[in-house]
Amino acid sequence: MSFAEALAGAGAKPAGKRPYFLEPQVERVLAITMAVAQELAVARQRSDTLERLLLEKGVLSQGEIDAFVPDRGASAERQMWNQEFIARILRIVQQENEAVMSPAEVASGDVGEELAREA
Amino acid sequence: MNSSSHTPSPVSNDPSAGYDGPPDYRVIGRHAVFPETSHDEIERINFLAQMNRHLAARVVPGVKAAYDARVVPAFEAAHGRPMADRHEARRAMLEDPAFQTWSALRRMTMEQRQQAGRWTALRQREQLNAVAAELTEGDPRLSLDPSLPIPRYVSAVDHHCMPGSYHTEYFPGDVVNGANYDHAGFVTTGGLLGGYSDGGGHAVVKWVKHNLPDFKPREILEIGGTVGHSSLPLAQAFPEAEMTVVDLGAPVLRYGLARAKSLGVDNISFVQASGEDLSIYPDASFDWIQTTMFLHELSTKALRAIFAETRRLLKPGGIVLHVEQPQYAPEMPLFEQAMRDWDAFYNNEPFWSRMHEMDLDAEMVAAGFERDKLIHGGVTGVVDRELFPDAEEDDTEDYGRKAAWHVIGAVA
Chain A
1 MSFAEALAGA GAKPAGKRPY FLEPQVERVL AITMAVAQEL AVARQRSDTL ERLLLEKGVL
61 SQGEIDAFVP DRGASAERQM WNQEFIARIL RIVQQENEAV MSPAEVASGD VGEELAREA
Chain B
1 MNSSSHTPSP VSNDPSAGYD GPPDYRVIGR HAVFPETSHD EIERINFLAQ MNRHLAARVV
61 PGVKAAYDAR VVPAFEAAHG RPMADRHEAR RAMLEDPAFQ TWSALRRMTM EQRQQAGRWT
121 ALRQREQLNA VAAELTEGDP RLSLDPSLPI PRYVSAVDHH CMPGSYHTEY FPGDVVNGAN
181 YDHAGFVTTG GLLGGYSDGG GHAVVKWVKH NLPDFKPREI LEIGGTVGHS SLPLAQAFPE
241 AEMTVVDLGA PVLRYGLARA KSLGVDNISF VQASGEDLSI YPDASFDWIQ TTMFLHELST
301 KALRAIFAET RRLLKPGGIV LHVEQPQYAP EMPLFEQAMR DWDAFYNNEP FWSRMHEMDL
361 DAEMVAAGFE RDKLIHGGVT GVVDRELFPD AEEDDTEDYG RKAAWHVIGA VA
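Residue numbers (this note's numbering), protein chains in the order written: chain A, 1 to 119; chain B, 1 to 412.
Not one of these hints is a red herring.
Distance condition first, Cα-Cα at most 27 Å in a straight line; then the derived DSS-like pairs of lysine-lysine: (1) B:Lys206 <-> B:Lys402; (2) B:Lys373 <-> B:Lys301; (3) B:Lys261 <-> B:Lys216; (4) B:Lys402 <-> A:Lys13; (5) A:Lys17 <-> B:Lys301; (6) B:Lys209 <-> B:Lys402.
Worth flagging that the hints you see were computed from the coordinates, not collected in a lab.
For clarity, every value in this text was computed on a predicted model and none was experimentally measured.
Model the full assembly from the supplied sequences, consistent with the hints where possible.
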């Protein structure tokens, strides 16, 4: 079986019409959010496993992670990672706010018609 | 990897001392045809089991509070009378945000569980099918009938949102849907059925040994036994008996025999047949006929046909036992009835609602059993309490999913 087939099969819809309890747009976003929350939990547990294995093997000592203080360069890199991450997630907020500043914008389809009328 | 080797011995402020919830999935019992699970696949199952636990323990009380504070008063104000039945209660709750949010999250958790379990089974299905073939090919204890029609009550919607249900084969010799059903059911039960999802079977054995101490069955039949979760404890408890599991689905039966053999249970056969027509067996073939959490996945017509078949197939003095979630009764609050009905409407269990309002005593009598020989009882899941939560001590109500069941049966 191919990877693509397994991927499609894993997420296959069960037979039967799906009930919606919220506005479909809201429920769709919530479903995506819950899947992301699931994967966040999985990643958190993986890092916890790594930490415990490193402790057990003596690579880390107890409390070392909580006592960790990044140096100036590492600190900047980590904080920039946070900023970049948030900016990616909240892209739509940025773009909707930018749109407020350009109230007269036209839609691409309308421009297409406008250009066609020029011909 | 054995996680327990990383656990330090308990200290006075050990967080596990106050822990109340599903065990780590790593305590699950494995066997030859059980799928391999990576670290992240295990953690996905742990997360989803915790989601169900959270919804039952921490969100349902809010749904109940909203029902009392908003739903009932709004209904009575609008209609000038109390709610008449569970359907009115459910429809009224559908308008309330607390029920909406809980429902949406409960449905999504089931969908995520199916995707997670199917991915694990599908990504290694060639391997799983090879192991199953090795264990079952040429073994007379597996009897399949590819011509068996799949009835509408199974084919119309996939039970508990399990794509392809118990019966769909993706290619010859397939066991994927058995593997998915077996290994990730933990998400719904949260460990209440024990390491091999067999707490229901052990509960039935305990009930029978206690209530019928002289019963020595030779031929035992489980109808709708799928992969044998509840059947193996019966075969193990009565090693001199021959156990037969019938089910509609070839993938679960193949998987079931491979699983049983790998767990060292040899006095068991898996047969593809419909419980409605067991004419492959002559009258008075069995001492004991068992169904476990099965009746709610039928139809009225099928339930009646199966009851009649059980009457025909029992030897004189033999017993039939059906283990199910409790029936709706007038004294059960409408809120509880409506919550228990959730699976019927929103988790693809179409017969759940009607089955739980049937007069099962009357159905048993109509099938030919004598009223004064009917059996009624109650059982809770029997598990290894070192590792798994005990349903008897767990006061969390996850409407319709708790490992606490009613028994209805009869002596023939």
